[in-house]
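J.: Residues per chain, in single letters:
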Amino acid sequence: MGDLPKPDEMYESIDHTPPEEEWEKIESPITPGRYAYPAKDKNLSIMEFRTPGEWSPADEEWPLPENWQQIIHEGFKERLEKYRSLKIFMDTCVRCGACADKCHYFIGTGDPKNMPVVRAELLRSIYRNDFTTAGKILKKLSGGRELTKEVIKEWFAYFYQCSECRRCSVFCPYGIDTAEVTMMGRELLNLLGLNINWIMEPVANCFRTGNHLGIQPQAFKEIVEFLCDDIEEITGIKINPTFNRKGAEILFITPSGDYFADPGTYTFMGYLMLFEALGLDYTLSTYASEGGNFGLFTSSDAMKKLNSKMYAEAKRLGVKWILGGECGHMWRVINQYMDTMNGPADFLEVPKSPITGTVFNNASSTKMVHITEFTADLIRHNKLKLDPSRNDKFKVTYHDSCNPARAMGLLEEPRYVINNVCNYFYEMPENTIREQTFCCGSGSGLNTEEVMDLRLRGGLPRANAVKHVHEKYGVNMLACICAIDRAAFPPLMEYWVPEVGTTGIHELVANALVMDGEKERTTDLRFEPLKEEEDEADEG
Amino acid sequence: MNPQTLLSEKRKEIVGKWFDEVIGAYPEDGAKFFKEKSDPFANPVGNTLYRCLNELFDEVIKSEMDQAAVDNALDGIVRIQSLQEFMPSVAIGFIFTIKPTISKRVKKYREDKEVEKYLTALDANIECLLRRSFDLYMQCRQKVFEFRANQSRDRVRQLLIKKGYIKELPEKGENLEDITT
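Protein chains in written order, with this note's numbering: chain A, 1129 to 1668; chain B, 2 to 182.
Fair warning: there could be bad hints in the mix.
Listed next, with one range per pair, are the computed distances between beta-carbon atoms [claimed, not checked]:
id, chain 1, residue 1, chain 2, residue 2, range
1, B, D21, A, T1159, 48 to 56 Å
2, A, T1650, B, A150, 31 to 39 Å
3, A, E1202, B, R156, 37 to 45 Å
4, A, G1645, B, A150, 41 to 49 Å
5, A, A1440, B, R156, 27 to 35 Å
These aren't lab readings, by the way, just hints derived from the structure by calculation.
Small disclaimer: the values here were computed from a predicted structure and weren't measured.
The beta-carbon is built from N, C-alpha and C at its ideal position, and this holds for glycine as well.
Construct the complete structure from the given sequences, taking the supplied hints into account.
T.: Set out below in structure tokens:
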């Protein structure tokens, strides 16, 4: 004990001086809590990716193949030729710094390599060195550097500290989509078999079984039936959704998070109740039982394979169009990549609401409509009986889930729906919503427990804005339209603003929805009293 | 000279120095960003650290601190820094950095018995902050471990319940028969 330093001595021993080296020279420690566990071989091999065997990012020596530099070089070259956007993103950055302070991971950590510009520079420096004349001649002077094993480690560390939310790209005057730089970085790492299991397992499960968790068809059906039992208990109405029904007008696809984990399950119940109230001719599919597409976080090949399943099922069942649930990145895949990967979906019809007759021309190529567009249209045409007072115990704010907001511009519809089903809605500050929305901190396959610290500090800017409306207006419910949000927010809120819960919009819709023949509702979808007073009265 | 009034008048200067010390623990570019603290939503870390240091300063110079106010201000700082990969000693070490700044400001009055007495009390206040921040730091870390354990445990638990493979005991007041039939 006598050897312990005194507090003052201990404090003085801490070096507060920022490093003077250039960023390239600053080491990127790969320590537990900073990295997600690597992908297992079985999950890589089913997708025909390289299998590196068992390894850990903490290992000194990583299991790289002998010709790893050649693999990266050729992979990079192939992508530069294939994607003109990548070449533009590599060439055009003038390092103006507009993106630098816009990333939630940088805002939460202060780690310069989390600045989008520097994250892109991790890849760009190799591009300059290997693919530009200036780089070949001037080397370091032109911002190039050689590809070393340390660079690979750095890629792994920082491309898996980006949630591909694209907030930074909103501020880039050249429109550089740094999320696509991350995607390319991850694709290149994937060529070496360096991936994370939280992403590869859902990809493999989705490919083989139909959804992220590997829930088998009969289990999916039983779970949905169980949720229908709950609905019957709450409303007195028995719902019997169909599965894999050929000839249905609409195929409904939603992320599996909506039926295997709370609070997503309440959103799923909300969909079922809405469809029942409308008498919609729809079917669920046990084959396309996943809206999420973790292929987006892996490689374009994996993304294409998983996306094609949804359309193959729509074709097999002979539906007219697809209605999609409250998912985040599914909508980025649909709106930005589906058409060039698997489209156009000519065998389907341009979506038309059978209730209002509205034609969704915005989905004329993908034939897939977002459920908040569909519901907003129903409300607009006065097709739903709603009692918003059933949500009166909730003071709601809305988190623009990154992908629906920035990848498809879905900004007004969710707000329109919320305003019609809730009496108390409050916006978060302007620079934290709509196009400028802050990520939950767990997107793009980072929603795993081993990086909980990273998720909580990355989610700070979002939570901080929620805290503000909680303190100012008494907000106690955070609505969102993304299954990853619904999984990520409960711990994020508990850490930063414990008084605020998480919900999907269609849970709120179903609470307010007055269904023909329903019994008097005494609880919400969570089996909790509709009003706070009833709760207190019960206790009394 | 009342030392509390003296320090209070120098609040902006002292807290500014204290803030610089805290921010100095971050890499250069990060620190530069955190210093731009005016927008609480664009820069929650810098803004929160600065606001909480001000609140802490107001308490620490008092002869009797308001424990709730101290906890609230400390929580704002420690909740952030406990997540930022600092060593625990660094995450709560910011408490000490105010000492030399204050000492400098009251140096010329040190001979005064009253000032000396005040500084001894102030030392006790700072020690109190340190003890409390250690508690808060551990609470925050425990929370993170709890989240990790819960997520790991709950990943498929609800599925097992929904499929009827497992049934938990009823809450007090419910009938066992209700859930077993």
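J.: Taking the hints in turn, state whether each one holds.
T.: Evaluation of the provided hints:
1. Checked against the given bound of 48 to 56 Å, the beta carbons of D21 of chain B and T1159 of chain A, roughly 27 Å apart, lie outside it.
2. Evaluation of the 31 to 39 Å hint for T1650 of chain A and A150 of chain B yields a pass: the beta carbon distance comes to about 35 Å.
3. The supplied range of 37 to 45 Å is met by E1202 of chain A and R156 of chain B, whose beta-carbon atoms lie about 38 Å from each other.
4. Roughly 44 Å separates the CB atoms of G1645 of chain A and A150 of chain B, a value that falls within the hinted 41 to 49 Å.
5. At about 29 Å, the beta-carbon gap between A1440 of chain A and R156 of chain B stays in the expected band of 27 to 35 Å.
Hint 1 from the list above is the single one not met by this structure.
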